[in-house]
Amino acid sequence: MTVSTVVTWLVVIGGLLVLLKPMGTYLYKVFTFQPTVLDRPMKPLENGIFRLLHVSRDSNMSAVEYGVAFVLTNMVWGIMAYTLLRIQGLLPFNPEHFGNLNARLSFNTAASFVTNTNWQAYSGENTMSYFSQFAVLQFLQFVTPASGAAVGLAFVRGISGRQLGNFFVDLTLVLTRVLLPLAVIFGLIFMALGVPETLAPYLHLKTLTGQIQIVPRGPIAGWEAIEHLGQNGGGFTNANSANPLENPSALTNIFQSIAMGLVPVAFFYMFGLFTGRKRFAWTLIAVAGTLFLTMLAMIYFPEAAGNPIVNALGLSGHANMVGKELRFGMGGTAIFETSTMAFTTGSVAAANDSFLPIPGLAFFLGMFLNMVFGGKGVGLLNMLMFVILTIFLMGLMVGRTPEFLGKKIEAKEVSLTAVAFLLHPLLILVGSAIAVATPAGMAGVFNPGPHGLSEILYGFTSAAANNGSAMGGLGASLPFYEVALGIVVILGRYASIVAMLLVGESLLHKKAVPETSGTMRTDTPLFWGVLLGSIIILNALTFFPIMALGPLAEHYLLMTHHLFT
Amino acid sequence: MFITLKRAVIVTVLLWIILALGFTFVMVGLGQVFFPNQANGSLVMLDGRPIADRHVGQYFGNRLQYFWGRPSDTVSLTTGKPDPYNALNSGPSNEGPTNAALLADIQRRIALYLKTTPGLTVHQIPISLVESSGSGLDPDITVPSALIQVPRVARYTGLSQARLRQLVRSQVLPPDLGVFGPSRINVVLLNVALYQLLHPQASAK
Chain R
1 MTVSTVVTWL
11 VVIGGLLVLL
21 KPMGTYLYKV
31 FTFQPTVLDR
41 PMKPLENGIF
51 RLLHVSRDSN
61 MSAVEYGVAF
71 VLTNMVWGIM
81 AYTLLRIQGL
91 LPFNPEHFGN
101 LNARLSFNTA
111 ASFVTNTNWQ
121 AYSGENTMSY
131 FSQFAVLQFL
141 QFVTPASGAA
151 VGLAFVRGIS
161 GRQLGNFFVD
171 LTLVLTRVLL
181 PLAVIFGLIF
191 MALGVPETLA
201 PYLHLKTLTG
211 QIQIVPRGPI
221 AGWEAIEHLG
231 QNGGGFTNAN
241 SANPLENPSA
251 LTNIFQSIAM
261 GLVPVAFFYM
271 FGLFTGRKRF
281 AWTLIAVAGT
291 LFLTMLAMIY
301 FPEAAGNPIV
311 NALGLSGHAN
321 MVGKELRFGM
331 GGTAIFETST
341 MAFTTGSVAA
351 ANDSFLPIPG
361 LAFFLGMFLN
371 MVFGGKGVGL
381 LNMLMFVILT
391 IFLMGLMVGR
401 TPEFLGKKIE
411 AKEVSLTAVA
421 FLLHPLLILV
431 GSAIAVATPA
441 GMAGVFNPGP
451 HGLSEILYGF
461 TSAAANNGSA
471 MGGLGASLPF
481 YEVALGIVVI
491 LGRYASIVAM
501 LLVGESLLHK
511 KAVPETSGTM
521 RTDTPLFWGV
531 LLGSIIILNA
541 LTFFPIMALG
551 PLAEHYLLMT
561 HHLFT
Chain G
1 MFITLKRAVI
11 VTVLLWIILA
21 LGFTFVMVGL
31 GQVFFPNQAN
41 GSLVMLDGRP
51 IADRHVGQYF
61 GNRLQYFWGR
71 PSDTVSLTTG
81 KPDPYNALNS
91 GPSNEGPTNA
101 ALLADIQRRI
111 ALYLKTTPGL
121 TVHQIPISLV
131 ESSGSGLDPD
141 ITVPSALIQV
151 PRVARYTGLS
161 QARLRQLVRS
171 QVLPPDLGVF
181 GPSRINVVLL
191 NVALYQLLHP
201 QASAK
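As they're listed, the protein sequences go chains R and G.
The numbers in full-length UniProt numbering rise by one with no breaks, and the one at position 20 of the first sequence is 20.
The numbers in full-length UniProt numbering rise by one with no breaks, and the one at position 177 of the second sequence is 177.
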């Protein structure tokens with residue numbers, strides 16, 4: 001490990017740890033309507049919005065009302081995005097004169113951005129007008145993570161014995177108090193460090209060798225800020241954060257990594273404040289943190305050691321630089337990739353298809369679990385889903401009715417949680433199985449051998465986990481994948497969120513049972529171990545077979561220097 | 001239900017005005033005022049005209065007298081054929097680690113360096129110089145990657161190897177803030193410096 005790698009990791013991880021408490025406390029204050037520094041500039045704006053909506057700051061919704069408001073609002077965004085993309089050619093801010101998008105691509109893109117997935121079956125720099133970029137896609141990168149965070153908030157309020165709150169109030173506050181101010185700060189940082197922010201047309205440059213190079217520009221700095229702060233991950237260009245236009249230096253790479261983690265990690269701490277159980281929150285942070293560090297190691301060390309087949313050629317150096325950019329360093333690339341898979345952002349600083357199999361396994365791990373902090377709100381929901389399952393399993397072992405935050409976990413909660421848990425593998429495995437069994441699905445495979453299976457599986461996993469990154473070789477613009485993955489992102493997003501919202505409400509209406517010496521403690525190192533173990537076992541049981549056929553098979557074949565044609 | 005839908009539409013319109021229009025126009029304005037150079041694409045000027053965005057690599061692999069950047073696997077939008085450093089279509093090769101095509105590409109690039117560079121051996125060639133980048137637009141190479149090209153550039157420009165090595169060293173970019181990322185050389189800037197050495201009247205203003 002180089003000094004640069006160590007320092008880079010310390011800055012990103014240390015930065016997130018230092019900001020966790022102040023950020024979490026700030027979120028808690030905002031969402032319990034206590035005074036904060038941004039009251040003065042933002043309150044008039046918010047009051048105006050609430051007046052036009054005819055809602056008051058302290059109004060409440062039932063879980064069903066909250067869920068309906070969430071789904072309906074998302075639907076409005078989806079229809080709006082689809083329509084605007086279909087008529088892109090008629091709209092302003094289109095200096096490169098890009099035409100309308102066809103129906104399939106518009107559906108896929110609208111579905112993917114509305115669900116905060118940001119899977120991209122197109123290349124931004126040669127498909128999307130500036131208007132589509134900033135007024136459709138960047139807009140969705142603001143509001144869709146905010147709506148996910150709102151649901152997470154409602155759930156946290158429910159299980160901490162409060163009324164759920166009002167979806168429209170929460171949505172607005174996440175934006176005015178968290179995402180918008182942060183996006184301005186990070187956008188300015190990215191500009192200062194060299195990311196373009198302009199509405200002027202693309203650059204036509206005559207190079208030293210007399211060729212013409214057309215270099216895209218656009219309002220990229222602001223886009224990068226919200227792309228990462230919202231764990232969105234949709235790139236302005238095809239190469240995403242590997243493109244020097246989006247991520248020009250080791251420093252921007254570090255800031256993008258921090259931007260991804262800032263709010264999701266703080267959400268865990270905020271949860272501790274809401275429930276009055278900070279030690280429990282720290283236990284959850286420790287579980288997610290352990291998994292984060294595991295992924296980082298799984299990505300960095302194999303990549304730094306390199307591809308044994310290439311290394312046999314006897315070149316100078318040994319790291320796997322295929323699909324990597326030089327300026328981030330391997331340590332910077334690894335921390336970005338770990339962050340993007342852990343926080344389910346889905347932007348990439350390197351070509352995910354060209355990573356070695358063990359780092360590939362780490363990518364899958366992040367998306368299978370979907371709670372290594374995860375997206376803000378949603379990641380916490382998934383973590384608590386595993387907590388409920390773990391408590392249930394522990395309860396079965398000792399023959400007691402399981403309790404969670406002083407409420408009994410009974411048939412209804414366990415059933416809903418099981419639905420939320422099982423949906424994820426169902427979408428991934430059934431989707432991949434259909435793709436593998438049909439010529440239309442197999443036509444999308446780019447790399448030969450087990451890596452090809454990984455590409456398909458990655459596509460469906462990324463869609464179901466609302467991650468949005470890809471093993472880029474997969475023919476994502478084939479009609480089969482545009483439609484199939486469009487459907488998977490929608491089911492993956494809404495079904496599990498609504499199920500967990502119902503769990504939250506069901507717990508809210510239960511009577512609290514007093515804690516006794518027989519109550520299972522959830523804030524101890526023991527629970528850390530049991531939760532981590534349950535997460536690993538539940539997921540290994542579900543996904544090990546397919547992993548054995550994909551990355552693991554590839555790993556062992558790579559070790560024997562086996563090549564596929 | 002209807003009232004919720006109405007609220008959904010209203011909140012969308014209001015947020016759209018703030019986030020789509022307000023945020024973008026304010027940021028573009030701030031960029032043009034405070035960071036006009038970066039916000040418009042960090043231009044590299046030569047003889048009074050822009051020749052490059054300093055962050056975006058350019059293709060020199062078809063000119064023996066210039067330093068070459070890392071391999072780029074970008075393709076033409078219209079023909080789908082290889083078109084290195086096509087900034088309109090950024091992207092990687094996507095070749096997986098056990099793909100025979102990956103090894104064939106690397107071997108082809110090694111052979112090209114060995115053929116064009118007098119006295120070069122395989123173990124001197126940095127691995128990053130024969131493996132293609134993630135964007136196809138990587139502007140940088142490592143310092144040894146530039147130094148091993150000196151004999152070739154010397155042969156085709158007529159400059160001495162000592163002068164060229166000095167030129168390379170003068171173009172080394174240190175890690176960000178002295179520690180983040182590797183030391184590296186921006187190939188466009190190196191070649192501009194080389195051009196100025198060959199054309200002393202050219203101005204990089």
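Everything labelled a hint here was simulated from the structure, so no lab data went into it.
Cβ atoms here follow ideal geometry from the backbone N, Cα and C, with glycine treated the same way.
Please note: incorrect hints may appear among the correct ones.
These stretches of chain G come out as covered by chain R in the derived footprint (C-beta under 8 angstroms, 3 or more residues) [unchecked claim]:
hint : region
1    : 137-147
2    : 155-168
Here chain G is said to cover these stretches of chain R; the calculated rule only asks that three of the stretch's residues, wherever they fall, bring their Cβ under 8 angstroms from a Cβ of chain G [stated by the list, open to error]:
hint : region
3    : 80-89
4    : 349-356
5    : 548-561
Short derived list, chain G residues pointing at chain R, Cβ under 8 angstroms [unchecked claim]:
hint : residue
6    : Leu30
7    : Val33
8    : Ala111
9    : Leu112
10   : Pro126
11   : Gly134
12   : Arg184
Hint numbers the structure violates, sorted upward? 2, 3, 7, 8 and 9
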